[in-house]
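K.L.:
Top line first, the protein sequences correspond to chains A and B. Residue numbering for the first sequence is 309 to 906, as defined by my numbering. Residue numbering for the second sequence is 2 to 322, as defined by my numbering.
Just to be clear, a hint being listed does not mean it is correct.
Stated by the list, open to error - DSS-like mimics (lysine-lysine), calculated; alpha carbons at most 30 Å apart, straight line: (1) K259/B <-> K561/A; (2) K789/A <-> K818/A; (3) K130/B <-> K561/A.
To be verified - Some chain B residues near chain A, calculated using beta-carbon distances under 8 Å: (4) P136; (5) E142; (6) L145; (7) P187; (8) V189; (9) P190.
Said to hold, decoys possible - If you anchor each label on the Cβ, the simulated ranges turn out as follows: (10) M875/A <-> F232/B: 53 to 59 Å; (11) D507/A <-> G320/B: 45 to 51 Å; (12) R554/A <-> L126/B: 32 to 38 Å.
Calculated from the structure, these hints are not laboratory results. By construction, the Cβ of each residue, glycine as well, lies at the ideal position given by its N, Cα and C atoms.
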Amino acid sequence: MKKASMTVVAAAVAALFAAPAPSQAQAQPQAKRPNIVIILADDMGYADMGSFGGEIRTPNLDSLANDGVRFTNFYTHASSSPTRSILLTGVDTHLNGLGNMDEWTAPNQRGVPGYEGYLNNRVATLPQLLRDSGYHTYMVGKWHLGKQPDQIPAARGFERDFSLLDGAGSYWDMTNFTLASPLSVFTENGRYLKDLPKDYYATKTYTDKLIGFIDASRGDGKPFFAYVAHQAPHDPYHLPREWRNRHIGAYDKGWDAVRQERLKRQIELGIMPAGTQLAERMWFLPDPIVLAPATRAVLGKKMELYAGMVENLDFHVGRLVDHLKKTGEYENTIFIVFGDNGAEGTDLFASIAGTPGTRDFLYAAINWSQTHPNAWGDPGSYVGYGPMWAQASMTPFSQYKGWLAEGGIRNALIVSGPGVKRAKGSINRGLMHVADIMPTLLEVAGAGYPKTLEGRPLPALMGKSWNRVLAGQAESPRTEKDYLAWEVFGNRAVRQGDWKLRWQWKSFGKGDWELFDLATDPAERHDLAAKRPEKLKAMLALWNDYVRANNVILPERSPFEGLAEKMPERFPDDAGFPPLIYKRQFVPPKDMVADPKP
Amino acid sequence: MRIGSVAAVFLAVALFLPQAQAQVPARFYWKTLSDANAVPLIYQSVSGNTNPFDPSHHVTAGATFDATLTMAGYARTFTLLDRAAMAAVIVPMGRISGAVTAAGSSATQSASGYGDPMLELNVNLLGPKAQKNLPDVLRYEPGLSVDFLADLALPAGEYNSSQVLNIGQNRWYGRLGAPVIWQLGPWVPGRRTTLEFLPAVWLFGDNDDYVGQTLKTDPLFQLDAHLSRDFTERAWGSLDLAWYSGGEPSINGVAGKKLDNLGFGFTLGYQINDNLNLTFGYKSTLSDKAPDDLRMDSFMVTLVFGWHPLLEGARRLQGEK
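Take these sequences, add in the hints, and give me the full structure.
P.N.:
Next up, the structure:
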């Protein structure tokens, strides 16, 4: 009974977002609530899509951007499962179970509510509430929020799913990374899979499955919510052969040139304001112009593969969009597109493959040793593109995934479809957060957020609905007093207005608080902590407020402990220094050249 | 991934060099980095009813020859109008002995010394451009590659006009061909597969002093085919087929039998290190029971040393040598 009445209310609220013009709507007995498609790209960078300055060809994603709005000030978390947990619950990680990633739970966090490493049962999920309000709920792709039967997508609100429960794995089969956990775990509609479909390729199969789910229930009058959590372009860069060679030699020019070109396009597009500076090239990376052509070719080929991954992802997004257009659903579908965190700059394979003589090294020798460049993309190959290209993906920002610099948490966001009343293709600079998606979509569906779930009180939603922003009635869902905060692996950050407070492990940070004015310094080059003590103090008060409100327990162990000792000492990247390596052959004036005298 | 290693693998594998003048093994025409060098050393043990030093395969009915053949040479790859090219010189040497039984009487002859040196030029016409630098090597895949091949043998080998059996052939001869490499599947060491063809025509000048007579030979068409496959990154094998047609000889105007024969064999190859390649092969003619059928079988071992100044220098700097 409760569900039925909720559906009626939902239909009334959702009429606001329905696609047809008022005259058409009047002719119909009941406006259908909009479908919702969330396209989550795994590790895709801020600057990768063409509509955000990338040279990578993403016509289908760009088409959504041209039909909708691009947001340039959108934040996720710094890594995969924390972002996903917030997206699906609207609740801070330290409350929803992902106070730390499952893979890195610290000894002092074990057993503490909020740090379970999976989506705990004290939160409601977006699919659960949408399903209860009359939506079909579908998921395809990467879950990464728990593997036990009560933690899988089917148990958390999805009617139908085809899901990779792990954080990563082969795109071709069930091969995972270690001898202790050699197989990726998949579920389909709540059942654990023994094998994968024939001709499995992750991005293609996820899309095929979703189209099948949509078609199976089409015509029953219910809208659908589809969570399309693509594995791409997360490493390993597994890619069909025909997608690997679309940018041959294009990246041999090196990461600095690509970053500069991307920033130039971002300024031309209006993504970044004129005068924006690039973040420092990471201190441990060389200027690519001093590298041998062969070295640049090898490193460039990794970026070629990554570009292919993104283009392949775009192609399959296009298949989904085309299908919705053919079936007449496109105009009534809200699309939300973004990446789950900054681009991946850490060599994940090095950390999981172990060293010679270890268990995982032997496993990798058998399963992950296709190292020849011509094998890159095949089963058994493991290619990631490294910190140099991750920085290019995150142009113009500093650092990458895992860190709370802008390069770790700022992401490109596209929203299109009914409810978006802003000019098509426009750009918005409002302060947005992944936690906002839950309240936004509940409002779109007219679903509401209950105070309790199965008798347990639910934590308050931390996000702000975007609907006034999408309708053009506000420029940001946040006031100048609202703040955002993050903590993972012991790295911490707060943003309020244009100010950002940040604490990071050395040498990515100082092992101390740093303060940045993102309005003038989005690349976080200038630490103002010493110059603005009053602002530092005010921001620290916000941090303490966040810690108290969300039971933040800083981990006593971290993947970044001891990092400073392993890395080269950090120096600024002063352009042109040292002049020695940039000196060219001296060419004397022609009229002063002579042969030696006998 | 060390660039030097990548290129060296390509270099060492591709610098496979020939053995018999009439035939080359699979992978002989694979391309490598321009300005690379190779020195082949080829040992062959041959028996049959034709002189293996003579690419016309002139059959002496009722004869039985045994030959020990060694060839040494030098080859260099280079770029010609943006295409991959290779120039080589090969000098055969060795000894041959044999017995001929005709009209109830037998004769035994033998010869030894240097054979006719052969110059070879091969230029790629269709397929990827020349590998002028290491990035080109990195990106090379043959796909479907077609070359132009020209060989010319100089009549400078040991020759005794008083006997039939000789190391040198006392005439100019050469070959025009079109080596074809067809890549099947990925171009990844350990998984490479190719189908290779060498259609060619041998052209022969006259030997005006063939035991006091004039030996003429019509053009001989030859088709070599190889199905080659990596077993590991360093080991490979091939099935080899050769077809000979034409080459009708005439002595003082008296025509002999033209060839129409098949040979079948196999080759096993192993890359010892970045510089050294070793192969072992066996080949034998098929349907060779009639006295005037071409009959020949051969064991062959090749050792090829290849190098490139860039890679050698890089290795010195890296302290690998």
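K.L.:
Evaluate each hint against the coordinates.
P.N.:
Right, here's what the structure says about each hint:
Only pairs whose Cα atoms come within 30 Å are accepted, and K259/B paired with K561/A is rejected, the gap being roughly 60 Å. Pair hint K789/A plus K818/A holds up; C-alpha atoms about 27 Å apart against a cutoff of 30 Å. Of the supplied pair hints, the one linking K130/B and K561/A holds, its CA atoms being roughly 21 Å apart against a limit of 30 Å. Interface hint at P136/B: satisfied, since its Cβ lies 3 Å from the closest Cβ of chain A, which is below the 8 Å cut-off.
Of the supplied interface hints, the one on E142/B holds, with its beta-carbon coming within about 7 Å of a beta-carbon of chain A, less than 8 Å. Violation of the interface hint for L145/B is found here, the shortest Cβ-Cβ separation to chain A being roughly 16 Å, above the 8 Å cut-off. At about 6 Å, the closest approach between the beta carbon of P187/B and any beta carbon in chain A falls short of 8 Å, and the interface hint on this residue holds. For the restraint placing V189/B at the interface with chain A, the shortest Cβ-Cβ distance is roughly 4 Å, inside the 8 Å limit, so the hint holds.
At its closest, the beta carbon of P190/B sits 6 Å from a beta carbon of chain A; the interface hint therefore holds under the 8 Å criterion. Our hint of 53 to 59 Å for M875/A and F232/B is violated, since their Cβ atoms are close to 42 Å apart. For the pair D507/A and G320/B, the beta carbons lie near 48 Å from each other, so the given range of 45 to 51 Å is met. Judged by the Cβ atoms, the range 32 to 38 Å given for R554/A and L126/B is violated: they are separated by roughly 27 Å.
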